Each structure stands twice: as structure tokens, then as C-alpha cells.
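Asker: Input sequences plus hints: build the corresponding full structure.
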Amino acid sequence: MNLTNHMKLSFPSISTNEGFSRAAICAFILPLNPTVAEVADVKTAVSEAVTNAIVHAYPTEQGTVYIDAKITDDRRVIIRIRDTGVGIADVEQAMEPLFTTSSDERAGLGFAVMQSFSDKVRVRSAVGRGTTVTLEKIIHSAYDEG
Amino acid sequence: MIDFTYENGALTARLYGEIDHHIAPRLRGEIDMKCETLRPAVLILDFKAVSFMDSSGIGLIMGRYRCITLLGGRMEVVNIPPTLTKIFTLSGIQSLGVMK
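Keeping their order, the protein sequence lines are chains A and B. For the first sequence, this note's numbering puts the final residue at 1120, and the numbers step up evenly by one. For the second sequence, this note's numbering puts the final residue at 101, and the numbers step up evenly by one.
No lab work stands behind these hints: they were computed from the structure. Just so it is clear, the structure is predicted and the values come from calculations on it, not from any experiment. We put the beta carbon where it would ideally sit given N, CA and C, even for glycine. Check the hints yourself; a few may be wrong.
[Stated by the list, open to error] Derived list of chain B stretches under chain A, where covered just means 3 residues or more per stretch with a C-beta under 8 Å from a C-beta of chain A: (1) 15-25; (2) 55-62; (3) 74-80.
[What the hints assert, rightly or not] In silico EDC-like pairs for lysine to aspartate or glutamate, Cα to Cα no more than 16 Å straight-line: (4) B/Lys-49 to B/Glu-77; (5) B/Lys-35 to B/Asp-4; (6) A/Lys-1094 to A/Glu-1035; (7) B/Lys-87 to A/Glu-1012; (8) B/Lys-87 to A/Asp-1093; (9) A/Lys-982 to A/Asp-1042.
Answerer: What follows is the structure, given as C-alpha cells:
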């Protein structure tokens, strides 16, 4: 598969950028002519990953969230959301539905949503160095239109 | 973001726009303040005009369910748009018996 488009974003870990990152990723995938449901899926998965970075990666001080998004010629969208924050000690435990370290009414569903709304989710993390979440989804709509 | 009507013991909170971690605390504060002041028999959360919601919205609903139950009332969640059915289904909120 070859790359057809590529973009990079970085922004401070402030919650107003959750909406910005969703809007940016939505604009980036629009040339693939996604369905409304596909747009909602990608926006939701990205929102969860970016929120995790903002809430959990930088609990005491502001940091930077990096997004690297690619579109390949097989209509695959690959979105990497990276932080250089505190990291996750036990990724498997963090990915269990309803697991949360936060007391702020977080539902603990972030990774479950990412997994349900993407085709593939990869999480790499090192304590003290940060976390990288990679989301992959194939956008089918143009095939469906024949 | 949100507007309210109160009629015959029923408080309706009409939510609109996008619900995420950035906006959820403000919605929580406004709904809880109204509930504590009015002590409604039923709190109705209307999602008709919500264009986007992530799991922060699920946390918001579960938190309001706890809050209104503690105040002796009950909750209903109405008008869920088709684009949000997937996250509602995933959340298991239907097991609370609040979705109309």
C-alpha cells in the first residue's frame, strides 16, 4: 500500500483541543467520501484517544499531543495519537472496559470505544516516556457507490 | 449547549451540539444545580440536537442517574439520534431502563 496523503498536528494538552482535533481529522478524511457513520466512528475514536492524552498523560502539567494521520491507496486511514506524558504501567488493564483511574465521572470506556469504532487499535506505552495509540480504519463508502 | 423546561414535576434538559470531556463538566454543573433547586420527580435528558458524543457523555448520563436517584427522582433519556446509537449500545446504559 502506498501513501496518498499525510498530515501532522501538534497542540497543547488543553481540553478545548479535543473538538479541534476531531474537526481536523474529519476534514482530512473527507476526500475519501466517508459515510456519516464512518465520520462519526473516526471522530469518536480520535476524541477518546486525545481525551486520554489530555486527562491521563499530563495529570499535573500541560504537555503536547501529537497526531500523525495517513491515508493509503487501499482507503485505509491510519491515525497515530502520541504523547510524551506519564505512560501506562499496565496497558492490558487500562484497556479493560470500565477500568478508570480518574474520579471525574469518566466512564472507563475510552479504549472499548476506540476498539469498537476502529478496525484496529494498537497501544504502546512506557512509564515516564509516554503513550502512542494507533487507530486504523478502512473507509468503504466509495466502493459501495460502485 | 443546554436549555431547560420545568413542567408538572418534570425537568427537561435539552442538550445540543457536541458532548465531550471539555463540555461535560459544564453540563453536569448546570443539570445538578437545577435538580438540587427544583427536586424534579423526573429528569428528562433530550439528545435530539446532539451532533456528537464520546464516552464523556456516557459518564455524564451515569452521573446524573446517580444524582437524580439520590434525590428521590427518576431519569429518562429520549430522542437519541441514529449517529449516537452505537455508543449508547456499547455503554450498556439501556440496562438502567432509562432509555425511551
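Asker: Hinted pair, alpha-carbon criterion (16 Å max): B/Lys-87, A/Glu-1012. Please report holds or violated.
Answerer: 12 Å, holds
Asker: Can the restraint linking B/Lys-35 and B/Asp-4 be considered satisfied, given a maximum Cα separation of 16 Å?
Answerer: 11 Å, holds
Asker: Is the Cα-Cα distance between A/Lys-982 and A/Asp-1042 16 Å or less?
Answerer: 5 Å, holds
Asker: Counting residues of the stretch 74-80 of chain B that have a beta-carbon nearer than 8 Å to any beta-carbon of chain A, does the count reach 3?
Answerer: violated (count 0)
Asker: Verify this for me: three or more residues of the stretch 55-62 of chain B with a beta carbon less than 8 Å from a beta carbon of chain A.
Answerer: holds (count 6)
Asker: Does B/Lys-49 pair with B/Glu-77 here, judged by a C-alpha cut-off of 16 Å?
Answerer: 13 Å, holds
Asker: Below or equal to 16 Å on CA atoms is what counts here, so check B/Lys-87 against A/Asp-1093.
Answerer: Given pair B/Lys-87, A/Asp-1093 holds - Cα atoms ~15 Å apart, limit 16 Å.
Asker: If you count the residues of the stretch 15-25 of chain B with a beta-carbon closer than 8 Å to a beta-carbon of chain A, do you get 3 or more?
Answerer: Since 5 is at least three, the answer is holds.
Asker: Would you mind confirming whether the straight-line C-alpha gap from A/Lys-1094 to A/Glu-1035 stays at or under 16 Å?
Answerer: 31 Å, violated
When held up to the earlier numbered hints, the structure conflicts with 3, 6 and fits the remainder.
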